[in-house]
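Student: If you read the sequences in order, they're chains A and B. Numbering-wise (the working numbering), the first sequence opens with residue 1 and increments by one. Numbering-wise (the working numbering), the second sequence opens with residue 443 and increments by one.
Treat the hints with caution; some may be incorrect.
DSSO-like cross-link-like pairs, simulated, lysine-lysine; straight-line CA separation at most 30 Å [what the hints assert, rightly or not]: (1) K568(B) x K441(A); (2) K568(B) x K393(A); (3) K454(B) x K780(B).
Using C-beta positions, here's what the derived DEER-type ranges look like [what the hints assert, rightly or not]: (4) K817(B) x K51(A): 42 to 50 Å; (5) E681(B) x D385(A): 23 to 31 Å; (6) S683(B) x S233(A): 48 to 56 Å.
It should be emphasised that the hints constitute simulated quantities derived from the structure, not laboratory data. The beta-carbon is built from N, C-alpha and C at its ideal position, and this holds for glycine as well.
Protein chains: 2
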Amino acid sequence: MFLSKSLVPILKNIPSEAKIKSHKLMLRTGMIKQSSAGIYSWLPLGFKIMKKIESIVRLEQDNIGVQEILMPTIQSSEIWKESGRYNDYGEEMLRIKDRQNREMLYGPTNEELITEIFRNSIKSYKSLPQLLYHIQWKFRDELRPRFGVMRCREFYMKDAYSFDLSIDEAIYSYNKFFLAYLKTFKKLDLSAIPMAADTGPIGGNLSHEFIIIAETGESKIYTDKRIFGVNYSDTVVDESSLSNLRTTYDEFYAVTDEKFDQNEFNEKVSDDNKLITKGIEVGHIFYFGDKYSKAMNASVDKDGKKEFVKMGSYGIGVSRLVAAIIEAKYDDKNEIMKWPINIAPYHCAILPQVSKNDKSNLEKSLNIYNYLKSKNIDAIIDDTDEGIIAKIKKFNLIGIPYQIVIGKNSTDEKFEFAKVGEDLQFLSTDEIENIIKKDLKN
Amino acid sequence: MFLSKSLVPILKNIPSEAKIKSHKLMLRTGMIKQSSAGIYSWLPLGFKIMKKIESIVRLEQDNIGVQEILMPTIQSSEIWKESGRYNDYGEEMLRIKDRQNREMLYGPTNEELITEIFRNSIKSYKSLPQLLYHIQWKFRDELRPRFGVMRCREFYMKDAYSFDLSIDEAIYSYNKFFLAYLKTFKKLDLSAIPMAADTGPIGGNLSHEFIIIAETGESKIYTDKRIFGVNYSDTVVDESSLSNLRTTYDEFYAVTDEKFDQNEFNEKVSDDNKLITKGIEVGHIFYFGDKYSKAMNASVDKDGKKEFVKMGSYGIGVSRLVAAIIEAKYDDKNEIMKWPINIAPYHCAILPQVSKNDKSNLEKSLNIYNYLKSKNIDAIIDDTDEGIIAKIKKFNLIGIPYQIVIGKNSTDEKFEFAKVGEDLQFLSTDEIENIIKKDLKN
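Could you put together the complete structure from these sequences and hints?
Tutor: And the structure:
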């Protein structure tokens with residue numbers, strides 16, 4: 001609650017290795033700290049944001065009926081040999097020998113392990129569909145980890161897996177995640193476009209990347225502007241409603257580099273509607289049929305016949321989203337970050353002018369803090385001895401949505417209050433409470 | 443909500459490698475699944491329990507003002523060389539070489555990494571105390587992993603660290619955790635005794651283990667029965683109140699094997715009050731002064747003088763607690779488990795008698811399910827075609843606190859209802875709701 005007692009190590013100088021704005025901002029405001037190349041600790045501010053993002057991701061998985069489990073980080077190489085990916089995966093897989101000299105690895109993804117769990121647990125088609133997810137740390141030993149948590153080695157990911165009897169049912173499962181992802185990103189105040197994508201090392205023939213537009217994005221994207229207008233507020237979790245949603249999206253051209261075809265683009269999109277820009281991948285969904293179930297013998301019994309289950313997998317990079325949201329929302333020219341209030345580390349910053357001989361502003365701050373707390377509004381008091389201008393600048397960077405300034409202009413009833421980066425106005429604590437509460441409800 | 447659609451793989455035969463009752467029960471009820479020696483996946487039932495335990499552990503850390511952060515699982519060997527523990531730790535440390543041939547390791551504990559974070563972040567004594575915790579997966583490469591999640595290799599742990607200027611302040615921090623631990627275990631419905639303990643590879647000279655009594659425990663314990671009567675309900679988080687609590691506990695003899703002294707035991711405890719039994723360690727706290735801060739140069743500036751900070755560390759095995767609670771609460775003779783309602787995977791099990799031609803009991807179940815859901819009571823319906831007796835036995839094992847049986851004896855208004863392992867009585871949904879609500883409030 002007091003900044004001076006919090007572990008928020010603000011840096012005056014931005015480390016030179018930070019090239020993109022999210023990496024710079026996260027280091028500068030002490031959200032993360034690198035412990036080795038591509039491996040980070042999450043300090044209180046960054047941790048709070050990541051946990052709130054995780055809760056939103058979780059809720060939308062629960063809403064479509066996915067069951068949460070938790071698989072370990074360390075896996076045996078055996079199942080990867082069964083699927084054939086142990087050799088394919090290459091050096092990005094962190095390979096480990098334990099004290100008994102067994103070949104282990106730090107999971108870069110979990111198709112093999114979940115398939116093993118499935119084949120040992122589910123025998124009858126009556127238990128289908130099985131939709132399962134976990135939120136767990138993964139490791140990919142990038143050759144050149146860079147861009148902070150955007151392309152790091154140890155990262156936090158939600159990965160879900162679906163198991164169905166038929167292709168149609170599997171596509172229904174796929175479409176559930178399609179909707180859940182749109183809703184998740186919307187709750188994070190991001191416009192994510194689902195784009196046809198290559199399946200890469202996961203395999204399969206149907207895949208969408210969810211991409212948010214950002215100048216610093218790594219993927220070049222080609223799309224039809226009208227795709228932003230697709231409305232899914234009436235879509236419900238039933239087969240035809242979801243299928244209609246997919247059809248609506250499929251009408252608009254939207255691909256990344258890998259899938260780009262100039263002729264098709266010209267044919268399908270008028271020049272006025274063409275949008276060529278860069279984006280950041282924040283989610284990726286795959287349907288890959290029986291690629292793993294066949295290789296690993298994961299089947300169910302249907303009328304005495306053995307059927308290999310049809311599978312899909314569905315990922316959201318939770319730690320990466322923290323950086324992606326900064327890329328989308330940080331105004332680096334004016335040095336103002338605006339976290340959506342539902343994932344901001346605090347709802348409000350209280351910035352008193354403090355001097356050695358006069359603690360009255362600190363007392364006022366504490367009163368406001370307690371008042372807001374009683375209304376379930378979470379605030380932090382900057383009790384350091386910096387000047388007001390410096391405090392405002394610092395909290396513009398940290399990006400807490402609201403600021404209350406307690407200085408020579410404030411009276412006993414009215415305080416200077418601002419939405420981050422906007423003008424100050426004199427308001428009572430009641431009025432302040434109402435503004436923040438209204439934002440929290442949206 | 444329907445058992446048939448949930449990933450709850452009930453085993454008919456208990457795997458022979460399971461020797462203790464928690465391991466047996468967790469495998470039998472599909473709470474966990476081994477993926478390799480000493481490494482487990484947490485399936486929905488086990489996962490829900492572990493997450494609820496984690497929330498209680500977190501809340502009590504937050505209540506004493508500890509800040510939550512998250513350190514990575516993979517650490518660089520460099521900081522362990524600085525502290526001198528890289529060689530000391532032996533083969534239990536999982537050592538890894540990454541693709542650049544750098545020496546890394548899977549953290550078995552975090553004294554080094556947190557000290558590095560501290561020394562790079564905190565410069566002034568004004569920012570003390572710093573109390574920090576994280577809840578993260580750890581790895582210890584046990585030679586003989588056994589007893590399921592009780593002694594496994596990859597485990598989930600809350601570890602906290604304190605940084606203070608003086609020894610007195612450090613002891614105050616230590617005592618805060620002492621109280622937080624008592625409260626945490628009480629909320630889990632466990633009687634944990636704090637016992638003077640050896641410090642082992644962590645180092646230092648002050649340490650307590652928190653031990654719960656269980657016949658299958660690994661530690662032999664010697665104590666004074668009266669220690670269970672110590673009352674800490676009036677203890678508050680201030681220096682003298684906490685110090686008094688410690689003094690009160692210290693009056694009673696309570697040690698494990700390592701610290702046992704027969705003469706001292708005879709002197710301090712009358713024969714009537716002697717208790718010699720076995721226990722399970724569920725928490726461990728350490729004060730170790732400047733052991734790490736000196737070796738790793740973690741200091742603050744006080745009046746121009748460099749002071750090495752005084753540190754402590756504080757662990758609770760979150761995944762281990764799931765097994766420990768089963769050891770304490772599972773009646774394996776009668777095959778009845780009783781989860782405290784605040785950590786049970788569901789509050790209530792609805793057990794309808796289902797036949798091919800008559801779905802009316804299933805409909806009744808769904809109505810009750812929806813009614814309870816509207817009252818924030820979380821139920822699961824066993825919609826399988828097993829008989830009622832089999833369903834009751836299964837849910838006695840799973841340990842959901844309440845059962846509603848929907849069979850030939852139920853009317854439209856009254857249903858057979860029981861606390862797990864107790865007699866059935868006929869009650870209305872209203873009455874059922876009241877009983878469960880009352881339990882939830884306690």
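Student: Taking the hints in turn, state whether each one holds.
Tutor: Do the hints match the structure? See the list:
1. A threshold of 30 Å between alpha carbons decides the hint, and for K568(B) with K441(A) the separation of about 38 Å lies outside it, so the pair is violated.
2. With a C-alpha separation of about 22 Å, the suggested pair K568(B) and K393(A) falls inside the 30 Å cut-off, and the hint holds.
3. Pair hint K454(B) plus K780(B) holds up; C-alpha atoms about 20 Å apart against a cutoff of 30 Å.
4. Between K817(B) and K51(A) the Cβ separation comes to about 28 Å, which falls outside the hinted range of 42 to 50 Å.
5. Between E681(B) and D385(A) the beta carbon distance is about 26 Å. The supplied range of 23 to 31 Å therefore holds.
6. The supplied range of 48 to 56 Å is met by S683(B) and S233(A), whose beta-carbon atoms lie about 54 Å from each other.
Violated hints, in rising order: 1, 4; the structure is consistent with all others.
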